[in-house]
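Enquirer: Those protein sequences? They're chains Y and V, same order as listed. For the first sequence, the residue numbers in the numbering used here are 4 to 117. For the second sequence, the residue numbers in the numbering used here are 153 to 264.
None of these hints come from the bench; they were simulated from the model. This one's a predicted model, so the numbers in the text were calculated from it and none came from an experiment. For glycine and all other residues, C-beta sits at the position ideal for the given N, C-alpha and C. Misleading hints may appear alongside valid ones.
[To be verified] Estimated spans, in silico, between C-beta atoms of each pair:
| hint | chain 1 | residue 1 | chain 2 | residue 2 | range |
| --- | --- | --- | --- | --- | --- |
| 1 | Y | Lys43 | V | Gly230 | 51 to 59 Å |
| 2 | Y | Glu61 | V | Gln197 | 34 to 42 Å |
| 3 | Y | Gln17 | V | Ser210 | 25 to 33 Å |
[Stated by the list, open to error] A few chain Y residues that don't get close to chain V, going by computed Cβ distances all over 12 Å:
| hint | residue |
| --- | --- |
| 4 | Gln9 |
| 5 | Pro11 |
| 6 | Met18 |
| 7 | Asn65 |
| 8 | Arg66 |
| 9 | Pro69 |
| 10 | Lys74 |
| 11 | Asn78 |
| 12 | Gly87 |
| 13 | Ala95 |
| 14 | Ser97 |
| 15 | Glu105 |
| 16 | Gly111 |
[Said to hold, decoys possible] Below, computed lysine to any residue pairings styled on SDA-like, alpha-carbon distance capped at 25 Å:
| hint | chain 1 | residue 1 | chain 2 | residue 2 |
| --- | --- | --- | --- | --- |
| 17 | Y | Lys44 | V | Ala205 |
| 18 | Y | Lys44 | V | Asp206 |
| 19 | Y | Lys43 | V | Leu198 |
| 20 | Y | Lys70 | Y | Gly31 |
| 21 | Y | Lys44 | V | Glu221 |
| 22 | V | Lys229 | Y | Leu57 |
| 23 | Y | Lys12 | V | Gln197 |
| 24 | Y | Lys43 | V | Arg219 |
| 25 | Y | Lys74 | Y | Leu57 |
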Amino acid sequence: DTAVSQTPKYLVTQMGNDKSIKCEQNLGHDTMYWYKQDSKKFLKIMFSYNNKELIINETVPNRFSPKSPDKAHLNLHINSLELGDSAVYFCASSQVADRTYEQYFGPGTRLTVT
Amino acid sequence: GNSVTQMEGPVTLSEEAFLTINCTYTATGYPSLFWYVQYPGEGLQLLLKATKADDKGSNKGFEATYRKETTSFHLEKGSVQVSDSAVYFCALSDTGYSTLTFGKGTMLLVSP
């Protein structure tokens with residue numbers, strides 16, 4: 004059983020399109036995250052949701068809109084895609100209530116905008 | 153704010169060599185410290201962690217000790233294998249909702 008899964012694994016699209024990435028975790032965790040990894044491998048937090056509520060939004064353009072329908076799912080919708088959005092997007096989850104602070108990552112979605 | 157500084161790579165070693173990847177951090181509170189590993193084409197896997205000063209995290213032959221006095225969390229392994237070739241990320245998590253702050257990653261290349 005995959006703990007944190009993401010779909011799709013690869014996404015190639017043109018500038019100006021709208022796309023979504025889905026994430027699901029079966030660990031029973033209370034907090035989920037989206038990270039962006041750029042071409043130099045640098046990882047940066049984008050969003051954090053705790054029990055379906057947005058907790059952290061780190062200066063991400065409002066073309067990015069996360070949605071958490073329930074505690075096990077966190078989706079990322081991107082409007083009007085730009086070349087600079089090309090990156091690998093990772094979903095992660097953790098059980099903040101346990102104060103262990105370990106995060107479990109999905110396999111990533113490689114987004115290429117042409 | 154929080155920050156993590158790692159030595160730049162790539163680090164190139166022969167099999168069975170000793171590995172050290174340096175990591176220092178800046179944090180306002182008392183963070184938990186982590187090493188994550190990313191194998192080619194894969195997501196990040198937690199390698200080891202330490203939650204308080206002087207704790208030693210260890211896993212798969214890798215070790216790191218939380219040094220509060222030097223704000224460091226260096227990763228070591230006594231004898232690397234070709235299969236250890238990957239990108240290694242040092243990270244910290246402060247209190248609150250445990251968002252991770254990552255270093256820039258260090259690529260390790262091990263040759264037979």
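Enquirer: Against this structure, judge whether each hint is valid.
Expert: Hint-by-hint comparison with the structure:
no.	hint	in the structure
1	Y:Lys43 with V:Gly230: 51 to 59 Å	violated (30 Å)
2	Y:Glu61 with V:Gln197: 34 to 42 Å	violated (23 Å)
3	Y:Gln17 with V:Ser210: 25 to 33 Å	violated (47 Å)
4	Gln9	violated (8 Å)
5	Pro11	holds (14 Å)
6	Met18	holds (25 Å)
7	Asn65	holds (20 Å)
8	Arg66	holds (21 Å)
9	Pro69	holds (14 Å)
10	Lys74	holds (14 Å)
11	Asn78	holds (17 Å)
12	Gly87	holds (19 Å)
13	Ala95	violated (8 Å)
14	Ser97	violated (6 Å)
15	Glu105	violated (6 Å)
16	Gly111	violated (5 Å)
17	Y:Lys44 with V:Ala205	violated (28 Å)
18	Y:Lys44 with V:Asp206	violated (29 Å)
19	Y:Lys43 with V:Leu198	holds (20 Å)
20	Y:Lys70 with Y:Gly31	holds (18 Å)
21	Y:Lys44 with V:Glu221	violated (29 Å)
22	V:Lys229 with Y:Leu57	violated (39 Å)
23	Y:Lys12 with V:Gln197	holds (17 Å)
24	Y:Lys43 with V:Arg219	violated (28 Å)
25	Y:Lys74 with Y:Leu57	holds (12 Å)
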